[in-house]
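Asker: With chain W fixed as given, assemble chain L onto it according to the hints.
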Amino acid sequence: MILSAILTLAFVATGCGVTTPATNSDNSTSTVSTNVNTTTKGNGLGNGNGNGNGNGNGNGMMNGGNGNGMMNRFSYKDGTYSANGEYFAEDKEVIGVSLTVQNDIITDASVTPQARDKTSKGYQLMFVDNFKSQVIGKKIADLKLGKVSGASLTTQGFNNAVSIIKSQATL
Amino acid sequence: MDPKSLNFEAIGTHWQIDIWEDSPLFDEVNFFAKLKMRIEEFEQIYSRFREDSWFRQICNESGSYELPSDAKILFELYVEFYELTNGIFTPLIAQTLVDAGYDSKYSLQSKKEISKPKKLEEVLEYKFPKLVVKEKTILDFGACGKGYIIDIVSEMLNEKNVKHFCIDAGGDIFYKSNGVEKMRIGLENPNDFSEVIGIVEISNQSICSSSGSRRKWGKFSHMINPETLESPKDVVATWVVAETAILADALATSLHMVDKKVFLGKYNFEYVIMYADNSVEKSVGFQGELFLKDM
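Chains as they are written, first to last, in the working numbering: chain W, 1 to 171; chain L, 1001 to 1295.
So that you can see chain W by itself, here it is in the shape it has in the complex:
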């Protein structure tokens, strides 16, 4: 199965990384890079650091795949795919990955930590938390910007109405 092969590759290449398959349109989409290196180590020995030591073994399982008669256009069948990746920290550890593919784009992904070793489990949980790239804010004052694009500044009318309602709601 192609997808589990990709998963296996991803495990070998980056420890635990899931990459979005490229699509053929210029205006295609990508979830912001989700390469996360989970360095999994047992008792400070630093095995399985994601550079080949991770013995990625994808046991793939698939469900879904709602054939829509246009299969030829896409490389992957729509559906939700789950796979368990195995790697060796001190002992064999397993991490579960589930991907939803629609029109060749990964539309959702989740990770289930299954590690037995406490340290490994900690790292896997950390990976789950950071799996989707999250943004942080930086103070506008600290940046050199020409303009800021965001929700429209609102009119006095709207703001007044909101403050009236707030004062009514406050006892």
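Hints in this document: simulated from the structure, not taken from any laboratory.
Here chain W is said to cover these stretches of chain L; the calculated rule only asks that three of the stretch's residues, wherever they fall, bring their Cβ under 8 Å from a Cβ of chain W: (1) 1165–1171; (2) 1177–1190; (3) 1194–1205; (4) 1209–1223; (5) 1268–1279; (6) 1286–1294.
Note that beta-carbon positions come from the ideal geometry of N, C-alpha and C, so glycine has one too.
Answerer: Structure of chain L alone, referenced to chain W:
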């Protein structure tokens, strides 16, 4: 060179128009007055927040009308998006918004039951320049009206041969330059308006953003999905860069409720979508930087 700036309030937001025009013959005072007048004229025709606007009046009862010439681009975009989005993008969302409390008096008090928009063809028949209003209705052009008036102003500046300008209507922006000069624009953090979550550079393009973060009351924001009759919650902010502001604005609104794949390949645009859990998604060609949390 410092720009000459015009600042004012119109169509429910703050405007700043900057021009870098060094010809001593250019009478910017007079020209700025004309620009402002044009924006006010637009509002007087299209705004549903003015009870005496042209559209409010013609939609008060059934009848057949001749549309003003600037309605063509706007109506064609609405018809195209209405079809593409299976009715999610519709000017008939107006009554739904009014029911939810977003009316010309900003009552912000929702009715118990808010109404679902009817099918466009049940209410309107459009063939430019003719518009048949089949029954009393109210139209909302808020999903891209601001973008469109930005384009109209931009065209007026082009006609005057102004080659370097920036139009900022409450954070929806069009920047024109020689192509080398770029405008560095921060993407406002919807959770903290003193912050940005990324930076984009544009030139001869528009960036429009959409977020319910400033216009929300009770469980609603100024965007309501006509199918679920709820304001979108998963997506908290969108930014779209496109060649025209009307397109950027329409897409920024749509991406709150409609999957981007509906539009990919049909229009040229780049996007950033921010979700409620602070995760983000961007198009491959997005010319900017997002501030990602260290992992």
